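There are 2 protein chains.
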Amino acid sequence: MTAGTPVLAAVDWGTSRFRLWLLDGEGRALAQSQGPEGLDAGRNLGFEAVLRDHLARLSVPEALPVVICGMAGSHEGWVEAPYVQLPASLDAIAGTVVAVPGTALDVRIVPGLAKRSEAAPDVMRGEETQLIALTAEEPAGRMRVCLPGTHSKWVELRDRRVEDFTSYLTGELYALLGAHSILRHSLAGAADAQVDPEDPVFLDALHRAFAGPELLLAGLFSIRAAGLLGGLLGGLAGAEAAAARLSGLLIGTEVAVALRDEAAPAAVTLVASGGMARLYGAALQAAGAVVTTVDADRAVCAGLMAIAFGGRAGGLARRQA
Amino acid sequence: MTAGTPVLAAVDWGTSRFRLWLLDGEGRALAQSQGPEGLDAGRNLGFEAVLRDHLARLSVPEALPVVICGMAGSHEGWVEAPYVQLPASLDAIAGTVVAVPGTALDVRIVPGLAKRSEAAPDVMRGEETQLIALTAEEPAGRMRVCLPGTHSKWVELRDRRVEDFTSYLTGELYALLGAHSILRHSLAGAADAQVDPEDPVFLDALHRAFAGPELLLAGLFSIRAAGLLGGLLGGLAGAEAAAARLSGLLIGTEVAVALRDEAAPAAVTLVASGGMARLYGAALQAAGAVVTTVDADRAVCAGLMAIAFGGRAGGLARRQA
Chain W
0 MTAGTPVLAA
10 VDWGTSRFRL
20 WLLDGEGRAL
30 AQSQGPEGLD
40 AGRNLGFEAV
50 LRDHLARLSV
60 PEALPVVICG
70 MAGSHEGWVE
80 APYVQLPASL
90 DAIAGTVVAV
100 PGTALDVRIV
110 PGLAKRSEAA
120 PDVMRGEETQ
130 LIALTAEEPA
140 GRMRVCLPGT
150 HSKWVELRDR
160 RVEDFTSYLT
170 GELYALLGAH
180 SILRHSLAGA
190 ADAQVDPEDP
200 VFLDALHRAF
210 AGPELLLAGL
220 FSIRAAGLLG
230 GLLGGLAGAE
240 AAAARLSGLL
250 IGTEVAVALR
260 DEAAPAAVTL
270 VASGGMARLY
280 GAALQAAGAV
290 VTTVDADRAV
300 CAGLMAIAFG
310 GRAGGLARRQ
320 A
Chain Y
0 MTAGTPVLAA
10 VDWGTSRFRL
20 WLLDGEGRAL
30 AQSQGPEGLD
40 AGRNLGFEAV
50 LRDHLARLSV
60 PEALPVVICG
70 MAGSHEGWVE
80 APYVQLPASL
90 DAIAGTVVAV
100 PGTALDVRIV
110 PGLAKRSEAA
120 PDVMRGEETQ
130 LIALTAEEPA
140 GRMRVCLPGT
150 HSKWVELRDR
160 RVEDFTSYLT
170 GELYALLGAH
180 SILRHSLAGA
190 ADAQVDPEDP
200 VFLDALHRAF
210 AGPELLLAGL
220 FSIRAAGLLG
230 GLLGGLAGAE
240 AAAARLSGLL
250 IGTEVAVALR
260 DEAAPAAVTL
270 VASGGMARLY
280 GAALQAAGAV
290 VTTVDADRAV
300 CAGLMAIAFG
310 GRAGGLARRQ
320 A
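Protein sequence lines correspond, in order, to chains W and Y. Residues 0 to 320 in numbering that gives the first Met the number 0 are what the first sequence spells out, letter by letter. Residues 0 to 320 in numbering that gives the first Met the number 0 are what the second sequence spells out, letter by letter.
This is chain W alone, in the form it adopts within the complex:
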């Protein structure tokens, strides 16, 4: 495969977002097209029409292979790619992609993973592709992986197998509470602003959550109370402080629980980009973990390359902290 020549259209098709990268033979992104066409748009406009629109924007030839991960493979998606069950070999996932019938395009969809446990059932769609990218480069052994987001995932990998994973409602709860709960008065417009990972209020909330991760329901109300009593509590008042406190409380609770059975110092691979990478990086460091950060978008592309062509997924820049 030649550098600079497109060999794959790599697509992450989620509930509320469509992203396509045109990749060359070394997995480098030559061009990108993204839009708000999530699952609903696919169902209303037709999945093929949405995909063809984005391919046309980048003048992609019709014969180029397309590999899609994410919710497009769900029961509500284009073609259902049934969940692979735990414990799951990542090679098995790559081997069970589902070809989309009835189109002149060469489209395959990556299956998700399911944990069919009665005590703690769980599912993922999209993150499995990032895991494939991680392990394609790694030696055998154990890895703890944190993939933060709307529904953060913590994964236990061993020898290229997913042994276990747990999802946390962290990101969705942050958005919900800032928009719809009584805390919206305290956060005002600051819920969508980027929380500063070095803000002492954020760091203080992290440490409180580490010390008492079971106290979440009470901690949430105390953010409102701090707002009401604001003038008398100094730095705790103000919308930015409320957002930092909420973010620290939620992320700190997730990290404390996810690391509670790990020997210290825990080694964690963090798959994240931008502000999310900075906040989780700060939280993991505050918890004493040794963190290796991998860019989330590059992991998606590298995973889709590995699924399309097998073998090693090059080009995952790692940053150790």
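Hints may be right or wrong, so weigh each one.
A few chain Y residues that don't get close to chain W, going by computed Cβ distances all over 12 Å [what the hints assert, rightly or not]:
no., residue
1, Gly3
2, Gly24
3, Pro86
Computed footprint of chain Y on chain W; a stretch qualifies when at least three of its residues, placed anywhere within it, have a C-beta under 8 Å from a C-beta of chain Y [stated by the list, open to error]:
no., region
4, 119-133
5, 167-177
6, 205-215
7, 251-257
Bear in mind the hints are in silico, worked out from the structure with no lab data behind them. In this text the structure is predicted, and so the values were computed from the model without any measurement. For every residue, glycine included, the Cβ atom is placed at its ideal position computed from N, Cα and C.
Let chain W serve as the given structure and place chain Y on it in line with the hints.
Using the frame of chain W, we list chain Y on its own:
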């Protein structure tokens, strides 16, 4: 004071609800008027106009004393009744009611309570009146009181003083998650239905929460996963089961944390009515507590009577389980 003759208009004026009881000298309700006129209606229509409308519905003479508890005394309310600070004598609360100026009516508003702690600031408005009703009848000593609701309160009383209290966002989170989160797909229309306190799914979720109250963020997502994997997990699927599981997870987490430092068996006074009393009663019993239940509405009336006229607040029926 004569039985059957009205001596007090007792009002609970909350964020989204107005309730007025006409009470005789023994604290019995002769008539009741309620409506959706919460804080916003008071501000838009005028607090006095809303109150006079409800008084007129019950043909209450203008000279009858009116005592109001709840958000009408907040900064956004009719007249601010500043928070009394912890530790707070319940007699001090009764003694610091604020008379409403500028009206021909005899109206007084009960102050709320505030905990000005930097680690866990907290506030209440309305529940202090129910506490006054409880302690008016009780001998000196320690009481643990649970007042469930949108923002559940757990209170530590000692010798007619509020030593400490903690609010939990339990009820609001249940409503939010059922209406706005990804769990709305799993709960469908069942979020507003009454969860059965004897439902094995509710009881199972309680016990899981008791065993791991720090696992809330993960437990929430697993309700969605159970819905997605439904067909394969038997009884866990279905909207009613999802609602029971969410309710058990949230209430169980609150109860586990609130009782974690109590010697067993904990003695808890539960101030609640209707379905809420049944669910929290079941949760407290499942946690091994000895529960005495007091009807929440009767506690409001008895507390307002005690505030208006001092002395003992008769007529609090207690049911021990």
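We went through each hint and held it up to the structure:
no.	hint	in the structure
1	Gly3	holds, 41 Å
2	Gly24	holds, 37 Å
3	Pro86	holds, 16 Å
4	119-133	holds (count 4)
5	167-177	holds (count 7)
6	205-215	holds (count 5)
7	251-257	holds (count 4)
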